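Number of protein chains: 2
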Amino acid sequence: MKRFDEMTAEELRQAKEELIKRYKDYQDLHLSLNMARGNPSVDQLALSMPMLDALNSKSDCHDESGMDARNYGGLLGLPEARKFGAEYMGVSSADEIIVNGNSSLNFMYDSLVRAMLTGNKDSDKPWKDCGKIKWLCPVPGYDRHFTICEMLGIEMINIPLTEWGPDMDMIREYVKDPQVKGMWCVPKFTNPYGGSYSDEAIKELAALEPAAKDFRIFCDNAYTAHYIYKNTPVLNLLEEAKKAGHGDMVFMFGSTSKITFPGAGVAFFAASVDNIKFIEKQANVEIISWDKMNMLRHLRFFKNIDGLYAQMDKHAAILKPRFDAVLNGLEKELSGKGAGTWVKPDGGYFVTFMATKGTAKRVYQLCKEAGVTMTPAGATHPYHADPDDSYLRIAPSFPSVDTLEKAIEILAISAQIATIEKLEA
Amino acid sequence: MKRFDEMTAEELRQAKEELIKRYKDYQDLHLSLNMARGNPSVDQLALSMPMLDALNSKSDCHDESGMDARNYGGLLGLPEARKFGAEYMGVSSADEIIVNGNSSLNFMYDSLVRAMLTGNKDSDKPWKDCGKIKWLCPVPGYDRHFTICEMLGIEMINIPLTEWGPDMDMIREYVKDPQVKGMWCVPKFTNPYGGSYSDEAIKELAALEPAAKDFRIFCDNAYTAHYIYKNTPVLNLLEEAKKAGHGDMVFMFGSTSKITFPGAGVAFFAASVDNIKFIEKQANVEIISWDKMNMLRHLRFFKNIDGLYAQMDKHAAILKPRFDAVLNGLEKELSGKGAGTWVKPDGGYFVTFMATKGTAKRVYQLCKEAGVTMTPAGATHPYHADPDDSYLRIAPSFPSVDTLEKAIEILAISAQIATIEKLEA
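So the sequences go chain by chain: A and B. Mapping the first sequence onto this note's numbering, position 267 (from 1) lands on 267, and the numbers just tick up by one. Mapping the second sequence onto this note's numbering, position 147 (from 1) lands on 1147, and the numbers just tick up by one.
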């Protein structure tokens, strides 16, 4: 089959007519299919049900250090959970870990808020008193990262994300500006690509010498254990930054949200011991302690880090057929047509679809009108502004394979219609 | 026996000699007794162990509304938990409730941070851009309330707390200043007195007309179900404020921290529907959802609000002998001596001891050197500055009755020594 951009006007007209017929047939089915958010499926949730037996009325609720998980205290987390967190986050010491609440996103927000209101340990003054703060945002990226910056009035700067990591030349240039106080990154199974940063990218980030001495890389380890096709080894940014003498520059965040129960998991924060000591004083104002019973429940369920990875193998086995359905569907419907490209992820929760430039919003709308909910076009970019109007994020985890097959066919039909409309315009 | 201030110098010398002998005898025992923090005792924690069976691997984890507690979603809490929260917080509708994380203190901090960084729904601009913000603080009060204000650079103003509530004339005068943006209050079993605001005090607070239109009363319902001697009925401040046409002026906070497990409970926030709608937008930036599994665990354990009060009866039965030990000990050692007064609480977690003016720090120090840890003198006041150097807060919940009897004797001996030292000076 010819690419659309090689077709004659008549061929385009015919192709469009057929596509619109298929589209209308789907509309008549009044479907309601959702590929919008990265929620684990019911099968995945079932994997963690045994965790609910890990603590019961007969349990001894002290951790290995002797701390009673049932009472106040332990601001930085149960000592046993901090050790586990160090293994999970890949850092050398439990002293570099705060085990916090149920949401790493919340701790990211919190960490930015602390910097705004009181400053980091190496700040001359709170960021709220520093004029316009700027932040580097590899794109495509995670909408909720960008929304935090937007709420706090932090100016976001797009940094193109390539196959192996963000554009480092741009980053090195931007960090000469002392108003640039930090950046987001998701080094492993990045949201939404599902690829990972190369060793070079990690080392170059670790070697950064920003003008702002209180600069922070907010490193979201959301998907560090979430392999599907390939468990890519990725260097640990905090460890590399320590080697480069920049250990204070990196804040790392992670959680068990997509390992046990979303919203009822345990979140981890990793940073240099000096950062942890500084944040401990601030955190002591915010809260008396996070939920140590849930930490203990997780520890008893996993037993050790191998237990966590055994759980991830089971998640991968459930996710793989869904990702296969998406990738095979796109291949079948769109291969060689010039109506969009996509990235095969190694892991994570998403497939990125790059629609023909200038059509992502139209594709989103066509999908919606045929009953397929996607994350809105633009969500992958700060201010919801994708300059190419191209990126769409597919979240295959929650729907069934059947649903995904239908939804992807509708997406592919929509992408083709939008491409033809664009060519005809 | 004579009061110390009626004794001759020789009588004082003799009394002091005897007291110092008793004090040294205690020092020789190298005790380590802690009356510093309001931690529930191990017996109290045991009351909630059956809650750990309320959710197990066989449980259906949907609430009565059908929401799956195991997945993302439900930013404002499980619908069933919001209904329960409305009953617990004494407000008329579940729409006035956000069931949040494990710590009402954290939601207080969060609420102040949101006001600072983005403003309340009725703010012209964020409080950080409003110059010096001021806050009214009934004293004695809760140290962690004051520490939040201190961290955020909010200027605190002492408002004397009388038997029936705070000095309302002072409050009405201060709120004429538009820089005064809010106040703390703990209307029921106030921290540390353990008494409660009268109906008049609640109604006068509800009727306040502050110059700052975005003024907020932060009402901490920490002890609303924590009766010991008398379950004083207290008017609901939010309901009264609604009646007075000032429903937006009140933020109410509560949790199950001292009902089930401290740090592993569930927190509630109550406010007008308009406030909730505004905060929902902000909270949606901070977090995807709080821990709905822990909400469900609590719902299944309590079954209904009567279940919660049945639990509180058991807490009261455990706490009462400890409070008796403190009150009887103080009565026995100090009655009629003019070496300090104290307040018999109706409920809550504390007994307030007012040492002879100018001696609280000395009493704290003497206790410490005899192995009794108290909350530091001054903690009951903003900036740790008690102008009378008189207030000490006794936390009897955690220690055993035996420990308390010893600790209170040491406190009483210390208070007498410090009083004599003061008279001799």
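Treat the hints with caution; some may be incorrect.
[Unchecked claim] Here's a subset of chain B near chain A, in silico, CB distances under 7 Å, partners left out:
#1 Q1027
#2 L1029
#3 S1041
#4 D1043
#5 L1045
#6 L1075
#7 I1148
#8 M1151
#9 K1281
#10 D1291
#11 M1293
[Unchecked claim] Below, in silico cross-link-like pairs of lysine to aspartate or glutamate (EDC-like), each with a Cα-Cα straight-line distance of 16 Å or less:
#12 K1203/B <-> D1167/B
#13 K1357/B <-> E1424/B
#14 K1303/B <-> D1053/B
#15 K58/A <-> D1043/B
#16 K1058/B <-> D53/A
#17 K58/A <-> D1053/B
#18 K368/A <-> D28/A
#19 K121/A <-> E333/A
#20 K281/A <-> E1150/B
#21 K128/A <-> D1053/B
#22 K1132/B <-> E150/A
#23 K1128/B <-> D129/A
#24 K132/A <-> D1129/B
#25 K1277/B <-> D1122/B
#26 K406/A <-> E331/A
#27 K121/A <-> D28/A
#28 K16/A <-> D274/A
#29 K344/A <-> D324/A
#30 K1281/B <-> D274/A
#31 K1058/B <-> D43/A
Note that these hints are calculated values from the structure, not bench results. None of the values given here were measured: they were computed from a predicted structure. We put the beta carbon where it would ideally sit given N, CA and C, even for glycine.
Hints, verified against the model:
1. Q1027: violated, 27 Å
2. L1029: Hint on L1029/B: violated, closest Cβ of chain A at ~25 Å, above 7 Å.
3. S1041: violated, 9 Å
4. D1043: Constraint on D1043/B not satisfied, violated at 12 Å.
5. L1045: OK, holds: L1045/B within 7 Å of chain A, min 5 Å.
6. L1075: violated, 10 Å
7. I1148: Holds, about 6 Å.
8. M1151: holds, 5 Å
9. K1281: violated, 9 Å
10. D1291: Nearest chain A Cβ about 5 Å off; hint holds.
11. M1293: Interface hint status for M1293/B: holds (4 Å vs cutoff 7 Å).
12. K1203/B <-> D1167/B: holds, 13 Å
13. K1357/B <-> E1424/B: holds, 14 Å
14. K1303/B <-> D1053/B: Within the cut-off at roughly 13 Å; holds.
15. K58/A <-> D1043/B: Distance ~15 Å between K58/A and D1043/B Cα, so the pair holds.
16. K1058/B <-> D53/A: Holds, at roughly 9 Å.
17. K58/A <-> D1053/B: Measuring from Cα to Cα gives roughly 9 Å; hence the hint holds.
18. K368/A <-> D28/A: holds, 13 Å
19. K121/A <-> E333/A: Violated, at about 53 Å.
20. K281/A <-> E1150/B: holds, 13 Å
21. K128/A <-> D1053/B: violated, 47 Å
22. K1132/B <-> E150/A: violated, 25 Å
23. K1128/B <-> D129/A: holds, 9 Å
24. K132/A <-> D1129/B: OK: K132/A and D1129/B at ~14 Å, within 16 Å.
25. K1277/B <-> D1122/B: With Cα atoms ~13 Å apart, K1277/B and D1122/B stay inside 16 Å; holds.
26. K406/A <-> E331/A: Satisfied, since the Cα-Cα distance of roughly 14 Å is no more than 16 Å.
27. K121/A <-> D28/A: violated, 60 Å
28. K16/A <-> D274/A: violated, 62 Å
29. K344/A <-> D324/A: Between K344/A and D324/A the Cα gap is close to 10 Å, so the pair holds against 16 Å.
30. K1281/B <-> D274/A: violated, 34 Å
31. K1058/B <-> D43/A: This hinted pair holds, its Cα atoms lying about 15 Å apart.
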